[in-house]
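Construct all of the structure, not just a fragment, from the sequences and the given hints.
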Amino acid sequence: YTKILDAVEALARDETPTLSLPGGVGTRGIKYESRELTAGRRPFIDDMAPQGCLHAALRLSDHARAEVNSIDTTAAEAMDGVHRVITASDVPGTLRVGLIHKDWPVLVPVGGRTSYLGDVLAIVVADDRETARRAAALIDVDYTPLRPIVDPVRAMHDSEDAVWGFEGNILSTSAYQRGDAEAALMGAAHVVEETFQTQRVEHAFLEPESTLAVALLGEDGERCLQVYSGGQGIWDDRDSIAAVLDIDSSRVTVDLVSNGGAFGGKEDMSNQAHAALAAWILGYPVKCTLSREESLLMHPKRHPIRLAFRAGCDADGHLVGLYIRMFGDTGPYASVGMKVLERAAGHACGPYVVPNIDVEAIAVRTNNSVCGAFRGFGANQAQFAMEGVMDRLAEAVCLDGWDIRNRNVVSPGVVWGPGQILDDGAAGARACLDALKPHYDDAKASGAPAGLGLALKNSGLGNGFKEIAPAVVHFRADGVVEVRHCFTEMGQGIHTVALQVAVTELGVSAEQIEVVVDTTRELGAGQTTGSRGTLMGAGAVADACRAAMADGCKVGVDYNGEYRVDWTNSLSEGVESPIIHSTFGYAAQLVVLDAETGAVDRVVAAHDVGKAVNPMLCEGQVEGAVHMGLGYALSEGFPYDETGRPVNSTLRSLDIIRPKDMPPVEVILVEVPQPDAPYGIKGVGEIGLVPTAGAVAAALKDHDGEWRNELPLLNVANRERRSAWV
-1 YTKILDAVEA LARDETPTLS LPGGVGTRGI KYESRELTAG RRPFIDDMAP QGCLHAALRL
59 SDHARAEVNS IDTTAAEAMD GVHRVITASD VPGTLRVGLI HKDWPVLVPV GGRTSYLGDV
119 LAIVVADDRE TARRAAALID VDYTPLRPIV DPVRAMHDSE DAVWGFEGNI LSTSAYQRGD
179 AEAALMGAAH VVEETFQTQR VEHAFLEPES TLAVALLGED GERCLQVYSG GQGIWDDRDS
239 IAAVLDIDSS RVTVDLVSNG GAFGGKEDMS NQAHAALAAW ILGYPVKCTL SREESLLMHP
299 KRHPIRLAFR AGCDADGHLV GLYIRMFGDT GPYASVGMKV LERAAGHACG PYVVPNIDVE
359 AIAVRTNNSV CGAFRGFGAN QAQFAMEGVM DRLAEAVCLD GWDIRNRNVV SPGVVWGPGQ
419 ILDDGAAGAR ACLDALKPHY DDAKASGAPA GLGLALKNSG LGNGFKEIAP AVVHFRADGV
479 VEVRHCFTEM GQGIHTVALQ VAVTELGVSA EQIEVVVDTT RELGAGQTTG SRGTLMGAGA
539 VADACRAAMA DGCKVGVDYN GEYRVDWTNS LSEGVESPII HSTFGYAAQL VVLDAETGAV
599 DRVVAAHDVG KAVNPMLCEG QVEGAVHMGL GYALSEGFPY DETGRPVNST LRSLDIIRPK
659 DMPPVEVILV EVPQPDAPYG IKGVGEIGLV PTAGAVAAAL KDHDGEWRNE LPLLNVANRE
719 RRSAWV
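Per my numbering, the very first residue in the sequence shown carries number -1; after that it's consecutive.
No lab work stands behind these hints, which were simulated from the structure alone. C-beta: ideal position from N, C-alpha, C; glycine also. Hints should not be assumed to be uniformly reliable.
So the derived label-pair ranges between C-beta atoms look like this [to be verified]:
#, residue 1, residue 2, range
1, P41, N713, 53 to 59 Å
2, E640, D4, 43 to 49 Å
3, L17, P673, 50 to 56 Å
4, E640, S68, 25 to 31 Å
5, E180, G21, 38 to 44 Å
6, V151, D401, 54 to 60 Å
7, K464, R290, 36 to 42 Å
8, E291, D140, 21 to 27 Å
9, E31, R562, 24 to 30 Å
10, D421, T92, 22 to 28 Å
11, D401, P353, 18 to 24 Å
In silico lysine-lysine, DSSO-like type, Cα no more than 27 Å apart, as pairs [stated by the list, open to error]:
#, residue 1, residue 2
12, K658, K1
13, K435, K100
14, K464, K435
15, K442, K699
16, K464, K100
Next up, the structure:
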């Protein structure tokens, strides 16, 4: 919210902010659509109201784990204004969807079993939202409640399955070894052994999930469907909806409506299939908007992970070995849980050189909330623990936090983590550390308690995925240049990146450009996740622009471009010197406390972004990420009780730090170009909060002498239920 507060304060001083779109790559300017959004002229999905639009409400499960014996819809169907109640028996196609594993039921049928409280049993379609919700509450479900499997430690060995239709409760295991960690630790001058616990966290995006689906007749007279989605992967939405309806995906068009925040929480479908199914059955437009309580119950959360570390260094503080075991509660359905734990394993050593390492990470199914993508994607949890280990080793060697990091930080040509040899972009890690050195020295000289955090985070999917991002540039007769790309705008500014690249490559003005994202062109590249939008989107748009320039920018022609990252290796391949990720961003953060109260006084954040496409948006990304990181470190959480029910059910109860309580954040943008990346881009979206929790923990230790190993560091009520992890 820093930029919003800055603008309000400028107006109070009778200063008029500059409201100009940016120029080419590297220039400052407002976001694409920002004028319309600020003035309320560009609708969100819930603002859309086509003629004859009906409203859908969902009947969720009353039990985290229960057999469904019957679903009585009589009372709901009898209610005035109700058009239809839809259950699993009405689904013409596949019942289960999922980004990686098709294990998440759109509707749980009679004879099936619920696996968490966010499971949907029925859809009510009515004239208005209030009627639909009241009718949904009248649906009578007869259950046989079963013991919920909510403790991840016990779930690994439980003889009963947490998820209906799937055997066993271990979703995935990710592991790698390099060198001999055990021997290295035996010979280390100093060894630290510590167990860390991170918590489940809610994304708290401003706009709850909303979908509008409209049944139409195509030009060929066949029925088709127009869907307006705020999801993070509209081509995935299209294909899943088509599978549920048992129709060809060409009969489903999904338009992206830039959403009011996501942070990973809108990668999985929420209500897209439900709205589409209702519109398809009834032939009317149907809108489904979740209440905040439904949203909190249904969409995935950040993984709580337990991390056991043994780390050793020599007498001078150089790391010699790491032995790490971690397991995370991934909830019932896969989502991307196996990839989050894989990413946590890969990033477990942080931005440090470790010659001997042994890591294993397990994702465990339970009947708590689904856990999936959330800004940082496993790197946060792993590097909170690693930063804690570094500070403990520093104390053992009698070094300060900056010195021990300086002795171990990665650099070009070193072997990192799973065995990857880092390229010249790795110089960004030391550049960030050096940028903070004078601030760190000043804080120490003043006697203020201070803590340092250093981190790296990949950009892109990596791990063996073949990533291809397409784009199209199209010159219209009215002088408008359409730029079509494949990523979701959710406040981060990907539309603005596409615009700035087009300005740079085509030499046109920003006002001539219209950015379009829909499925009328086959441009799917998967989810907008992993800080890949700017990196891959910029490369794809630049390629399409160059194709247009080479052909004279003819009117009416689709100029296609793409950006590929198809050379990475997965952790499981076992190849020598693997390339696990093509690109890394680096960040160092300094947290300074008030010496008397122990409250956070200020944060200095140095971030290597490779190339700042729009420095103002980069600053906003870091400022917002630090806000989120401080909440993660100090106060936020989404704990569950023994019945699989969340303790918190409102935004207020999440204990998010309010904008008025945020300390000043000084952003230092470091630009160490990434070799072979478009314009040297590295990305900035996710890494912004990866070092924060470790830095806060170190600052608190400097303040009161207490080591802390459990998040949130101060708000005990929002920690994980301890008995679930023993």
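Hints, verified against the model:
1. Between P41 and N713, the C-beta spacing of about 37 Å breaks the proposed range 53 to 59 Å.
2. Between E640 and D4 the C-beta distance comes to about 46 Å, which sits within the given range of 43 to 49 Å.
3. Under the hint 50 to 56 Å, the C-beta atoms of L17 and P673, about 36 Å apart, miss the expected range.
4. For the pair E640 and S68, the supplied restraint of 25 to 31 Å holds, since their beta-carbon distance comes to about 27 Å.
5. The hinted window of 38 to 44 Å between E180 and G21 is violated, with their beta carbons roughly 56 Å apart.
6. Evaluation of the 54 to 60 Å hint for V151 and D401 yields a failure: the beta carbon distance comes to about 38 Å.
7. The given range of 36 to 42 Å is respected by K464 and R290, whose C-beta atoms sit roughly 38 Å from each other.
8. Roughly 24 Å separates the CB atoms of E291 and D140, a value that falls within the hinted 21 to 27 Å.
9. A hinted range of 24 to 30 Å holds for the C-beta pair E31 and R562, which are about 29 Å apart.
10. Taken as a hint, the range 22 to 28 Å is violated for the pair D421 and T92, whose Cβ atoms sit roughly 42 Å apart.
11. Separation of D401 from P353 is about 20 Å and conforms to the stated range, judged on CB atoms against 18 to 24 Å.
12. At most 27 Å may separate the alpha-carbon atoms for a hinted pair to count; K658 and K1 meet this at roughly 13 Å.
13. Note on K435 and K100: the hinted pairing is violated, with a Cα-Cα distance of about 49 Å set against a maximum of 27 Å.
14. With a C-alpha separation of about 39 Å, the suggested pairing of K464 with K435 is violated against the 27 Å cut-off.
15. Note on K442 and K699: the hinted pairing holds, with a Cα-Cα distance of about 14 Å set against a maximum of 27 Å.
16. As the CA atoms of K464 and K100 are separated by approximately 20 Å, the hinted pair is consistent with the 27 Å bound.
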